[in-house]
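S.K.: Chain residues, written in single-letter form:
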Amino acid sequence: MSDTPKIRVRGLCKAFGAKKVLDGVDLDVAPRTSMVVIGGSGTGKSVLIKCILGLLEPDAGSIEIDGADVLRMDREAATELRSHAGMLFQNGALFDSLPVWENVAFGLLAQARRKHTRITRAEARARADAVLGQVGLAPSVGDLWPSELSGGMQKRVGLARAIAHQPDMLFFDEPTTGLDPIMGAVIDGLIVDCVKRLGSTAVAITHDMASAQRIGDRAAMLHHGRIVWEGRAAELLESGNEVVDQFTHGRREGPIQMELRR
Amino acid sequence: MTGRDTAPLDAPLDALAALGRAAIATVRGTGRITLFGLEGMSHFFRPPWYGRLFWHSLVEIGYYSLPVVALTAVFTGMVLALQAATGLSRFNAESAIANLVVLSMTRELGPVLAGLMVAGRVGAAMAAELGTMRVTDQIDALSTLQTDPMKYLVAPRLAGGLVALPILVLIGDILGVLGGFVIGALKLGFNPGVYLANTVNFMQTADVVSGLVKAAVFGLLVALMGCYHGYNSRGGAQGVGAATTSAVVSASVLILAFDYVLTELFFAR
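These protein sequences, in sequence, are chains P and H. Each residue of the first sequence is one higher than the one before, counting from 0 in numbering that gives the first Met the number 0. Each residue of the second sequence is one higher than the one before, counting from 0 in numbering that gives the first Met the number 0.
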């Protein structure tokens with residue numbers, strides 16, 4: 000069964016009104032590897048991972064996790080399968096009504112509630128402190144509120160929240176956007192460490208080429224609603240594909256034309 | 000047929016089409032809100048339950064709305080007594096002031112005014128909070144953390160509205176009657192004992208119970224509109240602002256409409 004991809008997407012389509020965002024996306028992600036999806040703003044990268052996570056319902060296509068099509072199974076089974084996923088959102092998406100430690104422990108407490116097991120708040124706090132330590136934050140940070148954190152700290156807390164329940168799939172939505180280059184490299188390093196430690200399969204979307212090469216084992220380019228190139232992340236800068244070359248080198252001239260208005 | 004032949008019919012047909020579109024949109028919107036409310040309430044009966052969030056909603060809707068509802072009720076009771084004195088004195092029926100105050104407060108003004116006050120204070124806050132959570136991906140984040148947002152965010156608020164408003168209205172009824180009593184006894188020269196006896200003798204259980212049932216429905220409507228518009232808000236700060244406005248306006252209109260429907264159900268002969 001080692002040939003079965005952890006995530007297999009086939010013919011995925013999603014439109015918003017008349018605008019086709021995904022138009023037949025095919026993508027395989029092998030177990031315990033990291034796939035980076037690159038592409039211009041508004042090309043549907045976030046829509047792709049939201050469809051995989053069940054946050055958006057695709058119009059057509061299939062999404063298989065461990066060989067099972069999540070779009071054709073009942074809601075309970077799909078929820079169970081997706082409960083093994085963690086997500087780091089672009090802006091952190093921390094719950095601002097909860098202190099940091101409760102944000103980090105949220106998935107643990109939800110998991111315990113779903114499985115009818117008991118975890119005390121003291122135990123959850125201890126687990127949250129341990130996970131905060133894994134992303135380089137002191138236990139005292141757990142008492143702060145999300146609004147008291149810098150952008151970099153919010154990303155770290157978001158990462159801690161995503162990995163706290165030890166998921167076997169991790170999704171990262173532009174993890175370094177809005178961070179300075181050094182903090183971006185730190186977050187990328189933490190992501191790589193977490194993915195390796197957990198033995199997870201990761202999908203990240205980014206427009207940051209340095210970040211893409213640090214995080215990804217493989218990379219794919221999304222353009223006009225389809226995957227137009229896929230290869231090793233290390234080859235991103237010399238892919239030989241003119242669309243990828245224009246994007247990765249930031250050239251104004253090439254097959255990608257900026258859409259001023261549609 | 001030429002363009003000239005059809006031209007006279009274009010305007011009325013366009014108007015008819017616009018009317019049809021508006022009717023379809025209204026029916027569709029009503030259906031969406033109904034399904035949203037039913038799904039939210041279905042979590043009342045399905046574990047897990049979030050007791051802490053329900054308690055938080057009760058405090059937020061009930062306890063923190065108490066000052067504004069209390070002030071509204073007291074002044075309304077006082078004004079009612081004054082106006083009743085002016086009106087009823089023309090028929091030498093001043094003795095009915097206490098009856099009029101208690102009937103108006105328990106059946107109508109208590110629940111309606113409390114509902115409108117809570118719609119302005121709590122409905123807007125709910126829409127703003129959920130709207131902000133929507134546009135900052137916090138609602139999506141809940142889903143990725145094995146938590147159903149309808150269960151976690153909507154159900155406790157609906158339950159909070161359903162339970163808190165009857166309690167608020169009961170307190171408001173008492174304070175409104177007390178306001179009328181103060182004016183009756185201190186300004187209009189009624190014997191305090193007689194005024195209170197008139198109030199108690201005239202008041203019927205059905206008056207109070209119908210008001211409390213109305214309050215429960217209004218509480219549910221306020222929470223439903225706040226949650227629905229916040230949960231479905233789009234487009235950043237402007238979207239959240241629009242959701243807040245929609246929540247307050249729709250809750251207020253629905254309170255008045257349902258007040259009529261419930262009054263028909265309870266009292267129409």
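Since the hints were made in silico from the structure, they are not lab data. Quick caveat: nothing in here was measured; it's all calculated off a predicted structure. A few of these clues could be false.
Pulled from the structure, derived: some chain P residues nowhere near chain H, Cβ distances all over 12 Å [as the list claims (entries may be wrong)]: (1) 40; (2) 54; (3) 87; (4) 95; (5) 113; (6) 180; (7) 191.
Here are the simulated SDA-like pairs of lysine to any residue, each with C-alpha atoms no more than 25 Å apart in a straight line [to be verified]: (8) P/18 - H/236; (9) P/114 - P/71; (10) P/114 - H/51.
Ideal placement from N, C-alpha and C gives every residue a C-beta, glycine not left out.
S.K.: If you draw a straight line from the CA of residue 18 of chain P to the CA of residue 236 of chain H, is it 25 Å or shorter?
M.R.: 24 Å, holds
S.K.: What's the verdict on residue 114 of chain P and residue 71 of chain P, does the C-alpha distance respect the 25 Å limit or exceed it?
M.R.: 24 Å, holds
S.K.: Measuring Cβ to Cβ, find out whether residue 191 of chain P lies farther than 12 Å from everything in chain H.
M.R.: 21 Å, holds
S.K.: Was residue 54 of chain P rightly flagged as not at the interface, with every chain H Cβ beyond 12 Å?
M.R.: 5 Å, violated
S.K.: Is the nearest Cβ of chain H still more than 12 Å from the Cβ of residue 180 of chain P?
M.R.: 25 Å, holds
S.K.: Does residue 51 of chain H lie within 25 Å of residue 114 of chain P when you go C-alpha to C-alpha?
M.R.: Since the Cα atoms of residue 114 of chain P and residue 51 of chain H sit roughly 19 Å apart, the hinted pair holds (cutoff 25 Å).
S.K.: For residue 87 of chain P, is the shortest CB-to-CB distance to chain H above 12 Å, so the non-interface label stands?
M.R.: Violated: least Cβ distance 10 Å, not greater than 12 Å.
S.K.: Minimum Cβ separation between residue 113 of chain P and chain H greater than 12 Å?
M.R.: Contrary to the label, residue 113 of chain P does not stay out of reach of chain H, its closest Cβ about 6 Å off (not over 12 Å).
S.K.: Are all C-beta atoms of chain H more than 12 Å from that of residue 95 of chain P?
M.R.: 8 Å, violated
S.K.: With d taken as the least Cβ-Cβ distance between residue 40 of chain P and chain H, does d exceed 12 Å?
M.R.: 16 Å, holds
Checked against the numbered hints listed earlier, the structure breaks hints 2, 3, 4, 5; every other hint is satisfied.
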